[in-house]
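Asker: Once you've looked at the hints, dock chains B and C against the given chain A.
Residue numbers (this note's numbering), protein chains in the order written: chain A, 1 to 484; chain B, 1001 to 1536; chain C, 2001 to 2443.
It is worth saying that the hints were derived from the structure and are not from the lab.
Among these hints, one or two may not hold up.
DSSO-like cross-link-like pairs, simulated, lysine-lysine; straight-line CA separation at most 27 angstroms [said to hold, decoys possible]:
| # | chain 1 | residue 1 | chain 2 | residue 2 |
| --- | --- | --- | --- | --- |
| 1 | B | Lys1498 | A | Lys474 |
| 2 | C | Lys2086 | B | Lys1012 |
| 3 | C | Lys2016 | B | Lys1297 |
| 4 | A | Lys281 | A | Lys325 |
| 5 | A | Lys314 | B | Lys1254 |
| 6 | B | Lys1297 | C | Lys2322 |
| 7 | C | Lys2016 | B | Lys1405 |
| 8 | A | Lys474 | B | Lys1490 |
| 9 | C | Lys2092 | B | Lys1012 |
Partial list, computed: chain B residues near chain A (C-beta under 10 angstroms) [said to hold, decoys possible]:
| # | residue |
| --- | --- |
| 10 | Ser1193 |
| 11 | Lys1229 |
| 12 | Ala1279 |
| 13 | Ser1315 |
| 14 | Pro1412 |
| 15 | Phe1462 |
Glycine is no exception: its CB is placed at the ideal position from the N, C-alpha and C atoms.
Chain residues, written in single-letter form:
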Amino acid sequence: MSMKDALEKIVGKENLSDTAADLQLYARDFSLLPSGMADAVVWPGSAEEVGKVVEYCNENNVPVIPVSSRTHVHGSTIPKQGGVVIDLKRMNKILEIDKVNRLARFEAGVTWEQYTAALKEEGMRTIMPLLPRPDRSVLTDFLEREVPTSIVYDYGEPTQSMQVVWSDGSIFRTGSASVNGFPDSKSRGANPSGPGIDFYRFLQGAQGTMGIVTWMSAKIEHETKIDKIFFAPIDNLAFGQDFLHRILPRRIGQECLLLNNVDLAAIVADKEDDFDALCAKLPPWTLILSISGVLRRPEEKIAYEEKFLAEVLKNEFPSLQFSEKLAGFPGLGRKLMPMLRKPWPADVKYWKNRLRGACQDIFFIARPEKTPELVAIMESIAAKNGYPIADLGKYIQPIEHNRACQVEFSLFYNQEDEQEKEMVARLNREASVALMNAGAFFSRPYGDVAPIVYERATNYTMALKRVKKVFDPKNILNPGNLCF
Amino acid sequence: MSINRLAYNAMKAVVGDRYISEDPAICQAYRSGPGGFEGGTGYERVMTTIPHAVVLPKNTEEVQKIVKICNRYDVPYVPYSTGFYGPRTHCHVENEIIIDLKRHNEFELDAKHFYFNVGSGVTLGALQQEAMNNGAYSVIGGGGAQCSAICNLIGDGWSPLSHRVGLPHRRILGTELVLPDGELVKMGSLAVSDDPFWGEGPGPDLRGLLRGFTGLRGCLGVVTKMAIKTLPFQPEPLVPTGVSPNTALELPVKRVKWINFLMPDKKAQVQSMFDIGHAEIAAAVTKVPKFWRAIAKAEDKEDFWRIWGVENDDSVRDFFIVRVLLVGFTSEEDMDYQERVLNDIMTEHGGVATRTKPTDESWIKNADSAGMWLMCGSYVSVDYIIESFSQATQHGEHYAELKRKYTPPLMPDFGDPGWFQNFEMGHQGYSEFLIYWDQREDVDGVDKFYVDTSKMNIKHRFYTSLLGPHQPLFLTGPKYGPNYHSWLLKIKEELDPKWVSHPPVPLAHDEFVSKAPWMKEMIDWESPEELPMRKW
Amino acid sequence: MSIVDQKFGDRYDTPKTPVAFDITNLDNFTYDMQHCCKCKGCYWVEHTYNPGMNFPVRCASNLWNDFDAYGAMGKVRIGLALQEGKLQWTDKLLEVLYACTLCGACDVGCKRNLDLEIELTLEALRVKAVKDGAAPLPAHKKIVDNIATKNNYFGATESRTKWVTSDIKVADKADVLYFVGCSTSYTNPGIAQAAAKIFNATGTPFMLLKDEKCCGNTVFSIGMFDEAKKIAEANIAAIKATGAKTVVTSCAECYRMFKVDYPKLLDIATADLGFEVLHLIEFADKALAEGKLKLTKPVDVRFTYHDACSVSRLCDAWVPYKGERGWMGMIFPGLRRRRGRQGLYAQSRNLLNAIPGADFIEMVRLRENAFCCGGGRGTKAAFPEFSKFAANHRMEEIKYVGAEAVVSACPWCNSSFSQVAKEDGANLKVMDIAEIIAASVEI
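One chain only, chain A, in its complex shape (with noise of 0.2 angstroms):
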């Protein structure tokens, strides 16, 4: 029988194409690596298809490729080495809404714009990254810890337990979900640990390398009944990082970021042609800072943050223009809030494609204090390479009371310039190595950076390496991905 009749058996003819057309949808996507062609893709529609295809794939030697989201960005579902493409997007219920345990049980195809708006007909939200693509998977971000915008959450991660298909096509529930009969059973899934060892994290960041995870639950909020949205303008980043690390550790802010005048401008535009004007009129840093009041007395939250943040601006930081408007643009709060809670439209071009059609990101955690050293050496390197400074997108996101935060910089290109794409691929390795000289830690490496990372991490590569071969002997899972 052929792989076709075999896998046609399994998810329905109507489930399963070879045709150049549909696998060209997979072979490429918005990073900067290069095409790959896969032989087949099937449209499963529950865990039980997935891992009698993940079967079927490990006997013949296979690679299988999971793909959850509409839109890709970071090259990590481009098949690198042919094979299967496993694409999720029918596997997209919300399995549950449990506002009394507040969590939320949803497969791997469920979108943010759908999971958003499921969740606001309940009253409820969930902490999220800053501005996603509407189609893209929440639960492949949450796997891939993309880092939320909220800071106030001591717990960090959403993520609870999970449903994965391993490589031998065996489905397993990991964390509290573990349970025999779940989810017929006392244990609701809300524990993300063990049974036994950690699998979760052995899947978290794994690009799908681990395993295919075909549902996860993660916690959800109710929503805020006040919001207040402030703005600083900030020259001096170190002077915005005193700041940030003099409020955030008091536990002031529901959202908290750091954007440059190109990031913003690209965010806030009405329209594209907009850009240029608002980019020049933006300071060079936009500190934003949300306040929430919640479901018990909201307003007397809101006074008791404002008391605070005033006294500290007053007695402390009396040159920051901390206020709810920013000088020169009216409505923004009224504009900015509503959007930090929500993905990015469907109906408007994703921001970051919105200056050049194409972007490139570089992102790493990083200690604070060092973030001027850091956005000093991206735009050497990126003057260096011819990339004009002027455009570059900067977003700082404070991590846990700014004990830590995500940097990232954006470089926006044409794509349909090949040079233009030749010096962005160079810039983003080049700035990549200074940046990890410097103490940049890239916790999630894609595409090019990744073997730069694990032939620094040596020993943690070994091991990682050992590991996988307990889950995937036969590297079926995604190959070609991190070190595998």
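Answerer: The following block gives chains B and C in isolation, referenced to the frame of chain A:
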């Protein structure tokens, strides 16, 4: 029989004369019990041995060398920080060595970035005080302030403060792990630099090897160094007062206070705790079992039984206290706000604030775990599980019911269903069931109860801490995952093909039930005739 | 019928076994040895007072040697092994047992949460060592011989009352008898002179024993129970013969011997000794409160105070105990255990805080958390390296808190600190509490 001479001499060359010994007196001092956590049980009697040598390395490098020597000369070892976790942290086979890590007490503090970088010998108590000296706080796990911080974070690591501080897994940053074969893995940002500030990655997270929900008891190598996250606290000092045994921390009540509420019934108790989580307030929210109050008042066993003796099934069942810790993290106004919200919730549910001392005797700087041995002389927390709050509030009743069958030898506690608390702001809940007995009595029932609880959890589909090494792997394995045990054993085979790292864990409990005659009647699950491990 | 009998009478199936606080039989402490839970309350400063990474330990032995054996949790396990016949007496085993000043940190630490008798267990182990012929150690034997032949620890032949200067008024008969002790008499005469000054200043006549002999501290501490008992009987008889109502001593070890270990040896209560036993601290504190002691001269020194073990953890009055142990380990009858609550913490601080001009800073480890100087109970003679280690470690703490002087209430502490201060070259003044009080008294 004794340790291979070549191995011993090689280890001596690593640590020096002073820090290795095979003297019988030195070794006997490392016997597991019979007192202690899980002390005096059949598991302890059947499974533990006296070490044939004890070695005290000073740092990761020395640990690595010791482990490599053990691999070369086929010497089994068990990593040991304080030995508090009872028989499971002690030797299980002959000619085994204990790698006592207490000398590894490196300590660095990064107050601005809220973490400590510590060696295995540093305790939770020291860490907590240093944290509080620098405007932060951590969690003293239920095991107590004397526990090694690293050991607690890879084994257990929670307390009522976890309401806000959350799972200990999230507090593990850059970590050094010496694999069973002596190779060193540095995790998180340590993988690529000397800076341990970040715990995840790169890419897939090998911190998954450090623990499951509960720990692996050292069967997958030795954790020698770890950066541990702390959380911002409030700036006022908490002042120790009193003379032992009546010591307490005096709380700055405008910023830190406990409040006890007497609730009318369980429904109100549970619902108020749910609501506190939903309202996103408080630093700790916990039920208080009635016999803990008796322990707190009692100075000795006789005291305790006098106090406890007046109780009965009704008085225990109808006792509903919710104890809440408020911390004004931001300011006094923050504290006031939280207190008003708390009072709103309690008013709705009929909770009445009772007189509460403005001090902390337990949970902030200590967990007073040693007091658990006061009543009967022997104790273990048979299950301590984090799941949803809805599981947490139901789990204990099942335990209490099962426990009746095993009382005696278990202590008469009038059906007390253990305790539960909020976790991660009410997104999760924690429940713990504690059992007590007198090890001088016939304690076969304790061993049987242990395995019976696993079966109960499987039957009622509860998540449990009694997985991994804590119960027969072939009993729990097929029922959780399913077949998590096969993955765990594969990892074990890959990383420790010689089974030198704390043998025969994780199959120790399987071996126990097969060796102990009184456990035969409990075996109603499939287990291979030969357990898939090396025989020492 | 007690509530326990009523409620749990049907569970009383655990056979009752006799138990007594009698250190001549290690079996009395088998239960205690079997119930150590390795919480290391015996090792660490009590958790509420944990100071962080600096000075968190209060077991000198286990800090000196890191193997568990050197801590109480190791020793109790060794005790079980001895009972089981699994260990022979060796030099190493003797070192484990005797490189320890019986400072009581482990006992009080354990009793923070439990009701085990650790100090008594350690004493019983030493009595067993002697009974088995393994002890006394050569260095200790020398001291025992000194006491037997010269009536003092040092084997000194000069007059024990050489310290009495012409300005000191010693009464022929008085209600108060000042017991000086070997260390004060022979190596720290300044303490005795200061004590005498205090008696005189408060208008308290005091007498001395005509022929004062060693209190027997080392003899008892190393486990020579019978010999120590004879010394106790003789000294008590001698004191009774004087008609003294109160014995005051400025030596913490003598204090503990009289108050605690003599009654223990004779199987009587402290209250039944026939006379009151006070440390000079108690005497002076009472005098201060009554206005009899006036501290008026300023003393310009920045000092810290070392709570000597025998006037802190170890000096709760003794009550003999005999009973039975039964269900759940309960003992019948019950008793209020000695947990170091009667330590002279407040009294010493009342006095020190009353000294004008003095800048008093507390140690990191204070009161029942104090770290032993390593000098007492004959330990120094047999294990000088350990003793020096302990004293040096404590001196680090003294420097850490920024003190120029250390004040203690025991001549053995005095000697320990003086020795290491001298060797260290530190400009550290070592004083006894009697001396600093006397310095503030206007004559």
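Asker: Kindly indicate which numbered hints from before are broken by the structure, ordering the numbers from low to high.
Answerer: 13, 14
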